[in-house]
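Protein chains: 2
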Amino acid sequence: MKAKEMMDKNFIYVYPENTVADASIKMENSRRFTTPVVNEEMRLVGWITSLDVTKGLREGKKIVSEIMHPKEEIRYLHENDPSRLSVIETSKHKLISIPVLNENDVVTGVIRSFDIVDTLSSLYEVKVSKIYEAMEEQLKGVSWDELMEASAIISRRTTGKRIKPEDYERNIKNSTFGEAIWATGGLERFFTGLIAVGELVIARKVGKARK
Amino acid sequence: MKAKEMMDKNFIYVYPENTVADASIKMENSRRFTTPVVNEEMRLVGWITSLDVTKGLREGKKIVSEIMHPKEEIRYLHENDPSRLSVIETSKHKLISIPVLNENDVVTGVIRSFDIVDTLSSLYEVKVSKIYEAMEEQLKGVSWDELMEASAIISRRTTGKRIKPEDYERNIKNSTFGEAIWATGGLERFFTGLIAVGELVIARKVGKARK
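Residue numbers (the working numbering), protein chains in the order written: chain C, 1 to 211; chain A, 212 to 422.
Treat the hints as calculated values from the structure; they're not laboratory data. What you were told as hints is all true, and nothing was included just to trick you.
Which residues of chain C face chain A? A partial, calculated answer using Cβ under 10 Å: (1) Asp52; (2) Ser91; (3) Lys94; (4) Phe177; (5) Leu187; (6) Leu194.
Keep in mind the model is a prediction, meaning the values are calculated, not measured. For every residue, glycine included, the Cβ atom is placed at its ideal position computed from N, Cα and C.
The whole structure should be built from the sequences, with the hints applied where relevant.
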C-alpha cells in the first residue's frame with residue numbers, strides 16, 4: 001500500500017497571505033486541527049496547527065505566514081512512499097496528520113492519525129474463521145469438521161477448559177484476528193496454537209491413511 | 212489489554228472557571244489539541260479542543276465553560292474497558308483523543324490517537340522469524356534448518372523465484388509481521404504460506420521416520 005492510497009484527498013489548505021482569522025474559521029468549519037499552507041501552484045510552503053492559531057490570535061498576529069512552520073520543519077511523505085511510513089512517522093513524532101506531495105511538491109492529500117487507526121485495525125479485523133478457511137483450503141483432504149475437532153482438543157490442552165467443536169466454531173466466526181491476538185497475549189502465542197492444530201490434524205490424517 | 216494500560220496518565224486538564232486564554236496557553240505549551248474540563252474532585256464535566264479555543268478567542272469568549280462541550284456530548288471510556296474500544300471509537304468518530312474515567316467519573320488518563328497507532332503497530336511489529344521460532348518450538352523434532360529448507364521450497368512454489376534457505380532466513384530476520392502482511396496482500400495469504408511450510412516439513416519428517 002502506498003501513501004497515495006491511504007491519504008485523504010478531501011483536505012483543506014490555506015495561503016500564506018490569508019488572515020489568521022479566516023484560516024481558523026476554515027479549520028473550525030471542516031474540523032481540521034492542521035492544514036497545509038500552499039502557494040498558487042499548490043506547492044507546500046508551510047504548515048499550521050490549531051495551536052499555532054490560538055497563539056497567533058492571542059498575540060494579535062494578522063496573517064498565516066506569521067504563524068506557520070516553514071516547509072523545512074515539517075514531516076511529509078511522497079505519494080509513492082509506502083504507507084507504513086505514515087505509521088512510523090505518526091508514532092515517532094506524535095503527529096496527528098501528514099501532508100502527501102507529488103513529484104512536483106504539490107500537496108495532493110493528507111494522512112490523518114485516525115485514518116491510520118482505521119486502516120491498521122481493518123487490516124487485522126479479519127474473522128479468525130477466515131484463517132481456518134485458508135487452512136482447510138491448504139490442507140487438502142482435511143475436512144472442516146476435523147479441523148474444528150482438532151482445535152477443540154488443542155484449546156482444551158492449552159486452557160484446561162473443555163470446549164465442544166461446535167462452540168469453537170461459533171467462537172472463531174464471531175471473533176477477529178485482532179481480538180484473538182489481544183486475547184492470547186501476542187502473535188507468537190496465537191500462532192503456536194494454530195500450528196498445534198495443524199500438526200494434530202495432519203497426524204490424524206496420516207493415522208487414518210495407515211489404517 | 213485494558214484502557215488503563217493504554218492511557219497516558221500525563222495529561223493536562225482545565226477548570227470551567229479558567230480563562231480561555233489560560234487554557235490555550237496550557238494547551239500550546241504541552242502541545243495538546245484537546246483537554247478534559249474537570250471540577251475540584253477531578254470529575255469530568257466537559258471537553259474542549261483547540262478549535263473551540265480558536266472560535267472562543269475570535270468571538271471574545273472569556274472562560275472555559277462558555278466554549279466547552281458538556282459531558283453528555285463527549286465520548287469517553289472507563290479504566291477497565293477493553294482498550295480495543297478506543298480503536299473502534301477513534302476510527303468511528305474520527306477522534307484524536309478520549310478521556311478515561313475511574314468508577315467515580317474521575318479522569319485518570321487520556322488515550323490519544325498516536326498512542327493507538329503506536330500500540331497497534333508495535334503489536335504487529337514482531338519479526339517474522341519470531342513466528343518461525345514459535346513454529347520450531349511447537350513442531351518437536353523439526354530443526355530450524357529443515358524449516359528454512361521447506362520455506363525456501365514453498366516460497367519458490369508460490370512466487371516462482373528460486374531462493375536459498377539462508378537468504379530466506381535473512382529475509383524473515385529483517386522483516387516484521389506487519390510488513391509481511393502488507394507485502395503478501397493479507398493475513399489469509401500470509402497464513403496459507405505458513406501452513407504450507409508446516410505441512411511440508413511434517414510430511415518430510417514422516418517420510419524420514421519411515422525410512
